[in-house]
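Peer 1: Each chain is listed here by its residues.
Protein chains: 2
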Amino acid sequence: MDVAAKVFRDRGYSDASLKEIAERAGMQAGSLYYHFDSKDDLVLTIMERGIAGSREGVERYVDALDDTADAIDRLVAAFTGHLAYLLEEADYAAAFIRMRQQVPPEIRAKLLRKQRGLIRIYAKMFEEARDEGYIDPSHDLSALRQLFIGALNSTPEWFRPRGVPVTVLAEQLGSLMRHGLAHPVN
Amino acid sequence: MDVAAKVFRDRGYSDASLKEIAERAGMQAGSLYYHFDSKDDLVLTIMERGIAGSREGVERYVDALDDTADAIDRLVAAFTGHLAYLLEEADYAAAFIRMRQQVPPEIRAKLLRKQRGLIRIYAKMFEEARDEGYIDPSHDLSALRQLFIGALNSTPEWFRPRGVPVTVLAEQLGSLMRHGLAHPVN
DNA sequence: GTCTATAGGTTGATAGAC
DNA sequence: GTCTATCAACCTATAGAC
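Protein chains in written order, with my numbering: chain A, 3 to 188; chain B, 3 to 188.
Treat the hints loosely; a few may be bogus.
No copy labels: a pair is met if it fits in one copy or bridges any two.
[Unchecked claim] Using 25 Å as the maximum straight-line C-alpha spacing, the simulated SDA-like pairs for lysine to any residue come out as follows:
| # | residue 1 | residue 2 |
| --- | --- | --- |
| 1 | 41 | 20 |
| 2 | 116 | 162 |
| 3 | 41 | 103 |
| 4 | 41 | 145 |
| 5 | 112 | 16 |
| 6 | 8 | 140 |
| 7 | 41 | 170 |
| 8 | 112 | 162 |
| 9 | 126 | 170 |
| 10 | 21 | 106 |
| 11 | 112 | 73 |
| 12 | 116 | 46 |
| 13 | 126 | 166 |
| 14 | 112 | 160 |
| 15 | 116 | 157 |
These aren't lab readings, by the way, just hints derived from the structure by calculation. Computed from a predicted model, the values in this text were never measured in an experiment.
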């Protein structure tokens, strides 16, 4: 499973061959079918785990906040958890991010349901930020949410472990939301 | 060419077959080889055009500004041009965005050089914004640039022509940079 | 310029031995 | 549980007729 997630993350849906996955796992291609019904079955399992992991990452960081935290603090915590899982912990989420547009429609439909949970969590946090006065009603909340999530999901393409840590990235986005860029990050 | 760009945008590098491209162009697969040496040759041509188009879109909007424009105005103009080309005008840029991570290494290397021009334009604008006082030096400029470009490049995945127009999206990002989200967009 | 035909390779998946 | 062997389908690319 771990091997498969890595291969799917690196190659994408179509270019990840069962032969390569099997080889890297020390097996022959045919042997995989003892564990999975089909390639799509394997892909679905991995991607569902990626979604679940992202969601747990987000929830863990948000739930760890105390009562003094405001809506922006919660968004920053969510960003941190999101990035921590996406960049440091697992290949599953990165595999999901990469393949979500490549996978056959039936699989995408199944994933969409699982994904909605995470989307709703974010939507709720943005609404709370608006209700608490941190986001002016003239902003389109849905566009804003998708722009921020798009920025987060682009990080696997350029993030380098030696560079800016994920906590700083999340803080940068939080500071941006609070004051704009002219204000110091901390 | 236009047909091929559409197919590559919809299917990605590996799943776009020459047979489908040929069919949609009213030909047989073999006939394509009169016009192109190989699939990679075709892909490279299309993706280069996508990069060039994005760059021209950005430059056209930035150059149209008058002298009273500040660094944030220039960034908003760049975002507008970027999005206008990416979402409205052509399939070439969308094909590039989708395939940039899928394409064989040799092609990616060739594209990287062309791409650097656009990256440098953005880097310069962010530096100017910092020098004019719109971005506090405590921000990591490179991370900031990549987050914003990541947000822009995610738009083909969720943008709907009936929804928020590209000019508003760009304004939203500009307002965000200037004042944060608590301030009205206009 | 486009066609037909086909070579040569790879892929996902199955069957049966061990 | 894993192996070997193999099938059928698909792909890129080439060759030669028109």
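Peer 1: Compare the structure with each hint and give your call.
Peer 2: Quick rundown of the hints versus the structure:
{"no.": "1", "hint": "41 <-> 20", "result": "both (7 Å within a copy, 24 Å between copies)"}
{"no.": "2", "hint": "116 <-> 162", "result": "between (29 Å within a copy, 22 Å between copies)"}
{"no.": "3", "hint": "41 <-> 103", "result": "both (16 Å within a copy, 22 Å between copies)"}
{"no.": "4", "hint": "41 <-> 145", "result": "neither (34 Å within a copy, 36 Å between copies)"}
{"no.": "5", "hint": "112 <-> 16", "result": "both (19 Å within a copy, 23 Å between copies)"}
{"no.": "6", "hint": "8 <-> 140", "result": "neither (42 Å within a copy, 35 Å between copies)"}
{"no.": "7", "hint": "41 <-> 170", "result": "neither (38 Å within a copy, 42 Å between copies)"}
{"no.": "8", "hint": "112 <-> 162", "result": "between (32 Å within a copy, 22 Å between copies)"}
{"no.": "9", "hint": "126 <-> 170", "result": "both (23 Å within a copy, 23 Å between copies)"}
{"no.": "10", "hint": "21 <-> 106", "result": "both (20 Å within a copy, 19 Å between copies)"}
{"no.": "11", "hint": "112 <-> 73", "result": "neither (31 Å within a copy, 45 Å between copies)"}
{"no.": "12", "hint": "116 <-> 46", "result": "within (11 Å within a copy, 36 Å between copies)"}
{"no.": "13", "hint": "126 <-> 166", "result": "between (28 Å within a copy, 20 Å between copies)"}
{"no.": "14", "hint": "112 <-> 160", "result": "between (29 Å within a copy, 18 Å between copies)"}
{"no.": "15", "hint": "116 <-> 157", "result": "both (22 Å within a copy, 21 Å between copies)"}
Violated hints, listed in ascending order, are 4, 6, 7, 11; each of the other numbered hints is respected by the structure.
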